[in-house]
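Engineer: My request is simple: use the sequences and hints to build the entire structure.
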Amino acid sequence: MKTLIIILIAVVLLFNLTPLSYILKEDYTYSNYDMSFQFSEHGGAGYNFEMGRRRYKRFLEKNPEKAKTDRQLYRTFTIKPWRFWQWSDYLFSGERFKLPYKDTIGANK
Amino acid sequence: MNRKPILLTLLLLLLAAACRKDTTINPDNSLIPGKTDTSGILTLQQVKDWFRKQPVSNPGITMDWANAESIPRGSSNYWLVPMPGQPELNGIKQGYRKTAFLRDSTGSIISRHLDIIPDAAYFQRKGKVTTADFTGRVFIYNNNKQLLAGRIYVNGKQAGEIKPSTGEHLHTDALQLVEDCQWHDSSYTDADGVLVIYSEKICSYSSYDDGFNPTEGGGPGSFGNPPAEDPIAPQGGNGGSSPEPSNLPGEDGQKIDPKSYMDCFGTLPDIGSKMTITVYVQEPAPGLPFNVGPNSVGHTAIGLTKTYNGQSITQVVGFYPDATGKSKMHAPSRILDNSDLEYNVSIQYDVIASSFNRIASFISDPPDTYDAFSYNCTNFVVDACKTGGISLPDATGNMGLMQTGMVPGALGSSIRNIGNTGNTNTSGGTTGETHGPCN
Chain A
0 MKTLIIILIA VVLLFNLTPL SYILKEDYTY SNYDMSFQFS EHGGAGYNFE MGRRRYKRFL
60 EKNPEKAKTD RQLYRTFTIK PWRFWQWSDY LFSGERFKLP YKDTIGANK
Chain B
0 MNRKPILLTL LLLLLAAACR KDTTINPDNS LIPGKTDTSG ILTLQQVKDW FRKQPVSNPG
60 ITMDWANAES IPRGSSNYWL VPMPGQPELN GIKQGYRKTA FLRDSTGSII SRHLDIIPDA
120 AYFQRKGKVT TADFTGRVFI YNNNKQLLAG RIYVNGKQAG EIKPSTGEHL HTDALQLVED
180 CQWHDSSYTD ADGVLVIYSE KICSYSSYDD GFNPTEGGGP GSFGNPPAED PIAPQGGNGG
240 SSPEPSNLPG EDGQKIDPKS YMDCFGTLPD IGSKMTITVY VQEPAPGLPF NVGPNSVGHT
300 AIGLTKTYNG QSITQVVGFY PDATGKSKMH APSRILDNSD LEYNVSIQYD VIASSFNRIA
360 SFISDPPDTY DAFSYNCTNF VVDACKTGGI SLPDATGNMG LMQTGMVPGA LGSSIRNIGN
420 TGNTNTSGGT TGETHGPCN
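Sequence order for the protein chains is A and B. According to numbering that gives the first Met the number 0, the first sequence holds residues 0 to 108 in order. According to numbering that gives the first Met the number 0, the second sequence holds residues 0 to 438 in order.
Everything labelled a hint here was simulated from the structure, so no lab data went into it. Among the hints, erroneous ones may be present.
Residues from chain B that keep clear of chain A, each with C-beta distances beyond 12 Å, as calculated [unchecked claim]:
| # | residue |
| --- | --- |
| 1 | T61 |
| 2 | D103 |
| 3 | S107 |
| 4 | Y140 |
| 5 | E160 |
| 6 | P288 |
| 7 | N290 |
| 8 | I389 |
Simulated DEER-style distance windows between Cβ atoms [unchecked claim]:
| # | chain 1 | residue 1 | chain 2 | residue 2 | range |
| --- | --- | --- | --- | --- | --- |
| 9 | A | P99 | B | L147 | 30 to 40 Å |
| 10 | A | F91 | B | P288 | 19 to 29 Å |
| 11 | B | Q145 | A | F91 | 55 to 65 Å |
| 12 | B | A322 | A | D102 | 18 to 28 Å |
| 13 | B | T61 | A | L90 | 40 to 50 Å |
| 14 | A | L90 | B | T395 | 44 to 54 Å |
| 15 | B | D63 | A | D102 | 16 to 26 Å |
| 16 | B | T129 | A | W81 | 43 to 53 Å |
| 17 | B | S104 | A | P63 | 19 to 29 Å |
Cβ coordinates follow ideal geometry from the N, Cα and C atoms, glycine included.
Structural biologist: As structure tokens, then:
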């Protein structure tokens with residue numbers, strides 16, 4: 000049993016802390032209410048949640064009419080807790096998962 | 000070993016990250032227009048009998064009688080019966096559809112189809128629709144699918160009305176409260192896929208809200224919530240119309256036309272201009288010689304700046320695979336706008352016009368293929384600089400999986416080894432906003 004646990008932990012670490020995570024991790028996506036702002040992370044290549052935040056802030060500055068009506072940023076990806084290779088994201092950068100979810104099915108992108 | 004703590008931990012992890020689910024929307028008994036009826040209680044059987052006798056205008060529609068609800072209305076009632084289908088507003092499927100059966104002033108049964116579309120932000124925030132604070136639109140149709148009217152609600156109060164579009168754009172001449180109400184045409188797609196053009200009037204009453212401001216008003220006729228300081232913090236949205244999407248460059252992370260970005264430099268003359276090339280590195284593990292870390296594998300971007308007589312144009316771009324998942328390892332390439340990129344180290348070079356233009360030309364026509372091992376973002380930047388006669392510090396390092404190649408981690412370490420000289424920055428920062436494309 001102890002060996003199995005060690006193997007499981009090693010697998011989780013391997014998938015979370017090596018370049019495998021770059022391949023496997025989802026490109027998290029976001030939008031505002033009317034989808035006039037959209038942002039997609041590009042796992043591990045600079046396009047991260049922080050960049051999305053900065054861009055949305057600038058977007059609101061440039062579009063004050065939208066800032067007045069709805070400033071909320073939504074995540075447009077669903078949380079998939081069974082994806083153990085993304086557990087490090089839940090653990091170390093969980094802010095993106097606290098955003099309210101917005102379904103984009105049927106949206107004209 | 001006791002397995003319970005491990006299983007419990009796993010269970011807690013799963014629960015902590017559990018998805019949010021939509022809450023069932025309940026009908027709102029204040030949304031039915033018409034006069035209060037006093038012709039007695041309407042039973043579901045009476046409704047069914049009446050419905051069976053009607054000419055079938057839409058054979059495809061089946062009524063969900065099992066979920067029919069009787070809604071009290073004065074001394075009488077009406078029935079709300081769910082219908083299949085979902086309206087589409089602003090390109091997004093949202094809301095729900097019901098048929099209301101009620102008695103008119105003569106006691107005869109009539110039906111009205113309702114498309115009920117809660118405001119998306121309101122629904123996200125509240126999770127369900129309630130009479131007290133309903134925010135959204137209700138469209139009312141007759142049996143012939145003709146739009147009769149509609150209402151716009153904000154926080155449970157009627158804030159506007161809807162009527163079929165007449166094709167005119169201004170209706171203010173007919174209004175008594177010209178200064179507080181505005182008509183405008185809009186559209187949505189009903190549950191049958193039919194585009195419905197309608198006019199809606201949204202009012203704000205100055206007697207309740209002097210100095211009306213859509214975000215700061217407090218009166219019943221006004222909209223909105225005060226803007227929060229943090230745009231990310233969860234907060235309620237509001238009703239009203241949805242503005243048209245804008246297409247600012249780079250907002251959506253979609254690939255850009257690098258040539259249209261580089262063409263901007265042609266608007267400034269070469270003679271008399273100062274030109275710089277800056278290489279930005281987001282290290283995988285800032286300050287550490289690892290090739291994977293909190294920033295995953297990291298990233299290398301290139302910035303070009305041309306300044307003439309105080310006028311400056313900066314473009315920061317990066318080289319990416321145009322794919323997701325494991326396809327990212329080897330895929331067609333794309334160039335993305337790298338404004339707002341958080342970097343850990345950078346190195347800057349002043350160049351002459353011919354070097355600058357060669358680099359811009361290389362970026363305008365980038366290699367077609369991205370390969371994580373043989374041609375990634377770092378290879379691209381190194382090659383771009385090379386065309387301009389710039390030799391970057393050594394970017395070769397261990398890529399893992401028994402591979403050696405150019406990686407952001409190695410380039411970052413090499414720049415750090417140079418130290419804080421005149422053209423290096425090891426304190427990091429954020430790339431500013433790029434100029435964007437020029438047509």
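Engineer: Work down the list of hints and note, for each, if the structure agrees.
Structural biologist: Comparing the hints with the structure gives:
no. : hint                          : in the structure
1   : T61                           : holds, 22 Å
2   : D103                          : holds, 36 Å
3   : S107                          : holds, 38 Å
4   : Y140                          : holds, 21 Å
5   : E160                          : holds, 20 Å
6   : P288                          : holds, 15 Å
7   : N290                          : violated, 8 Å
8   : I389                          : holds, 21 Å
9   : A:P99 <-> B:L147: 30 to 40 Å  : holds, 34 Å
10  : A:F91 <-> B:P288: 19 to 29 Å  : holds, 20 Å
11  : B:Q145 <-> A:F91: 55 to 65 Å  : holds, 56 Å
12  : B:A322 <-> A:D102: 18 to 28 Å : holds, 24 Å
13  : B:T61 <-> A:L90: 40 to 50 Å   : holds, 48 Å
14  : A:L90 <-> B:T395: 44 to 54 Å  : violated, 32 Å
15  : B:D63 <-> A:D102: 16 to 26 Å  : holds, 22 Å
16  : B:T129 <-> A:W81: 43 to 53 Å  : violated, 34 Å
17  : B:S104 <-> A:P63: 19 to 29 Å  : violated, 48 Å
Checked against the numbered hints listed earlier, the structure breaks hints 7, 14, 16 and 17; every other hint is satisfied.
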